[in-house]
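2 protein chains.
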Amino acid sequence: MKKKIQVNATIIIIGNEILSGRTQDTNTGSISLWLNSLGVKVEEVRIIRDIEEVIVTTINKTKKKYNYVFTTGGIGPTHDDITAESISKAFGLKYEIHKEAFKILENYYNPGEFNKGRQKMAWMPSNAKLILNPTSGAPGFIVENVFCLPGVPSILKSMLGGLKNKISGGKSILSHTISLSTVESEIAEPLKNVQNNNKEVEIGSYPFFKAGKLGVAIVIRSIDKSKIDNCNSQILEFINKKKIELISKN
Amino acid sequence: MKKKIQVNATIIIIGNEILSGRTQDTNTGSISLWLNSLGVKVEEVRIIRDIEEVIVTTINKTKKKYNYVFTTGGIGPTHDDITAESISKAFGLKYEIHKEAFKILENYYNPGEFNKGRQKMAWMPSNAKLILNPTSGAPGFIVENVFCLPGVPSILKSMLGGLKNKISGGKSILSHTISLSTVESEIAEPLKNVQNNNKEVEIGSYPFFKAGKLGVAIVIRSIDKSKIDNCNSQILEFINKKKIELISKN
Numbered sequence: 051m052k053k054k055i056q057v058n059a060t061i062i063i064i065g066n067e068i069l070s071g072r073t074q075d076t077n078t079g080s081i082s083l084w085l086n087s088l089g090v091k092v093e094e095v096r097i098i099r100d101i102e103e104v105i106v107t108t109i110n111k112t113k114k115k116y117n118y119v120f121t122t123g124g125i126g127p128t129h130d131d132i133t134a135e136s137i138s139k140a141f142g143l144k145y146e147i148h149k150e151a152f153k154i155l156e157n158y159y160n161p162g163e164f165n166k167g168r169q170k171m172a173w174m175p176s177n178a179k180l181i182l183n184p185t186s187g188a189p190g191f192i193v194e195n196v197f198c199l200p201g202v203p204s205i206l207k208s209m210l211g212g213l214k215n216k217i218s219g220g221k222s223i224l225s226h227t228i229s230l231s232t233v234e235s236e237i238a239e240p241l242k243n244v245q246n247n248n249k250e251v252e253i254g255s256y257p258f259f260k261a262g263k264l265g266v267a268i269v270i271r272s273i274d275k276s277k278i279d280n281c282n283s284q285i286l287e288f289i290n291k292k293k294i295e296l297i298s299k300n
Numbered sequence: 051m052k053k054k055i056q057v058n059a060t061i062i063i064i065g066n067e068i069l070s071g072r073t074q075d076t077n078t079g080s081i082s083l084w085l086n087s088l089g090v091k092v093e094e095v096r097i098i099r100d101i102e103e104v105i106v107t108t109i110n111k112t113k114k115k116y117n118y119v120f121t122t123g124g125i126g127p128t129h130d131d132i133t134a135e136s137i138s139k140a141f142g143l144k145y146e147i148h149k150e151a152f153k154i155l156e157n158y159y160n161p162g163e164f165n166k167g168r169q170k171m172a173w174m175p176s177n178a179k180l181i182l183n184p185t186s187g188a189p190g191f192i193v194e195n196v197f198c199l200p201g202v203p204s205i206l207k208s209m210l211g212g213l214k215n216k217i218s219g220g221k222s223i224l225s226h227t228i229s230l231s232t233v234e235s236e237i238a239e240p241l242k243n244v245q246n247n248n249k250e251v252e253i254g255s256y257p258f259f260k261a262g263k264l265g266v267a268i269v270i271r272s273i274d275k276s277k278i279d280n281c282n283s284q285i286l287e288f289i290n291k292k293k294i295e296l297i298s299k300n
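As given, the protein sequences belong to chains A and B, one line each in that order.
Basically my numbering = 1-based index in the first sequence + 50.
Basically my numbering = 1-based index in the second sequence + 50.
For the record, the hints were derived by calculation from the structure and aren't laboratory data.
On a predicted model such as this, the values are computed, not experimentally measured, just so you know.
Check each hint, because a few of them may be wrong.
Which chain A residues stay away from chain B? Per the calculated CB distances, all over 12 Å, these [what the hints assert, rightly or not]:
{"hint": "1", "residue": "Ser80"}
{"hint": "2", "residue": "Glu150"}
{"hint": "3", "residue": "Gly212"}
{"hint": "4", "residue": "Lys214"}
{"hint": "5", "residue": "Asn290"}
{"hint": "6", "residue": "Leu296"}
So the derived list for chain B, only partly shown, Cβ under 7 Å to chain A, looks like this [stated by the list, open to error]:
{"hint": "7", "residue": "Asn66"}
{"hint": "8", "residue": "Gln74"}
{"hint": "9", "residue": "Val95"}
{"hint": "10", "residue": "Arg96"}
{"hint": "11", "residue": "Gly126"}
{"hint": "12", "residue": "His129"}
{"hint": "13", "residue": "Arg168"}
{"hint": "14", "residue": "Thr232"}
Think of the CB as a built atom: it goes at the ideal place given N, C-alpha and C, for glycine as much as any other residue.
I would like the entire structure built from these sequences, with the hints used as guidance.
See the structure below:
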């Protein structure tokens with residue numbers, strides 16, 4: 051079967067602690083890098099509040115717009131964990147005890163430890179598919195194209211591996227980076243020409259400061275290696291002409 | 051004049067490099083913490099692609115919905131820096147050389163260094179107000195309630211201070227954190243009761259791992275210190291009763 055060329059996704063980070071600046075989100079990076087490797091392009095990320103109406107509206111808008119929707123956060127045992135109930139409402143499904151999740155959690159905890167707070171983590175949209183959690187027991191879940199993961203970065207990362215077969219990606223997105231000892235304005239004109247001559251390739255230019263030196267990273271992204279190579283040669287050509295120092299390429 | 055109780059904002063992070071997972075966004079945290087201190091609550095963050103249509107649509111939706119919109123990224127000299135032109139389109143304004151910005155940049159660079167790439171950074175929506183840049187010269191700009199800042203975190207941070215008088219915030223949002231040596235499920239029930247009895251206060255519960263130990267941080271947020279204190283007492287009461295170890299409070 052021929053792979054679809056473009057498969058896309060959105061990530062919905064659910065959590066007031068990110069919006070207040072208290073906690074630094076790192077889940078976007080983990081999910082994006084993993085999706086890239088499966089040939090799925092993240093088109094948009096939204097960070098939203100723990101408010102049911104906001105979650106329901108956001109899910110209903112994005113599940114139609116993108117091939118995959120990933121949510122993080124709000125599936126723990128406390129009152130501010132309202133993702134599972136909100137997803138149920140978004141899909142018009144019952145919010146109920148998921149028997150398999152209940153069993154997993156019952157086995158995970160020592161006898162007497164599976165208290166009411168923990169039992170809350172077995173409440174899910176009716177007939178949700180489970181995402182197994184090798185780190186801390188409590189599963190995530192899938193409803194149609196919406197994948198619900200926890201907010202704790204290490205737990206989230208440990209759950210991605212098991213999801214691989216549930217994602218039907220397109221061609222992998224390849225990238226090539228050229229790091230230069232220069233400033234953006236020096237290369238703006240010739241780089242623009244290269245982009246105009248290579249419209250199907252995405253060329254980004256990112257200034258950086260490293261060890262007190264200014265530099266620019268040019269990132270070329272495409273699903274087609276030959277197009278990246280072609281673009282790369284054109285960039286190296288003007289760099290040589292301008293006698294700009296090449297720091298690295300990979 | 052009585053301060054408005056609730057002033058809100060959204061942050062629009064413009065940049066493919068964040069969506070691809072290549073670069074970790076830290077601007078959300080910087081802007082959020084700064085806005086909190088001015089009494090402005092960040093309701094939502096969107097990370098979007100460097101695509102004109104996407105930027106225009108996102109700006110047009112959010113500028114009506116929130117008191118303030120902050121954008122980061124896309125105001126440099128290269129072809130992928132399209133924020134200023136997109137904001138011009140969103141507001142139906144001419145995209146043209148801003149005389150004051152041009153002068154600032156002309157003075158900032160040494161004679162002969164103010165090349166075409168750098169001149170691009172003086173192109174802005176007609177009559178935009180400038181946001182001065184003490185770090186690297188190139189100003190940001192304001193159109194109505196939309197504030198456009200650069201993507202490089204250190205430069206962005208250096209520009210926030212000068213914006214203080216341009217933001218008319220509400221009452222400052224105060225927060226109090228109680229760190230406990232426990233797990234969320236142990237406190238889920240009594241914490242829910244405290245939240246139900248204190249509806250105007252926002253109570254968040256966040257598990258953490260530190261030095262191999264599990265813990266939970268309870269964060270109470272409100273504009274009213276007495277409500278936070280009240281909530282705090284109720285939480286400390288059930289913590290004492292349950293003999294849960296208090297790690298810190300501040």
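A quick look at each hint next to the structure:
no.	hint	result
1	Ser80	violated, 7 Å
2	Glu150	holds, 20 Å
3	Gly212	holds, 20 Å
4	Lys214	holds, 17 Å
5	Asn290	holds, 19 Å
6	Leu296	holds, 18 Å
7	Asn66	holds, 6 Å
8	Gln74	holds, 6 Å
9	Val95	holds, 4 Å
10	Arg96	holds, 5 Å
11	Gly126	holds, 5 Å
12	His129	holds, 4 Å
13	Arg168	holds, 4 Å
14	Thr232	violated, 11 Å
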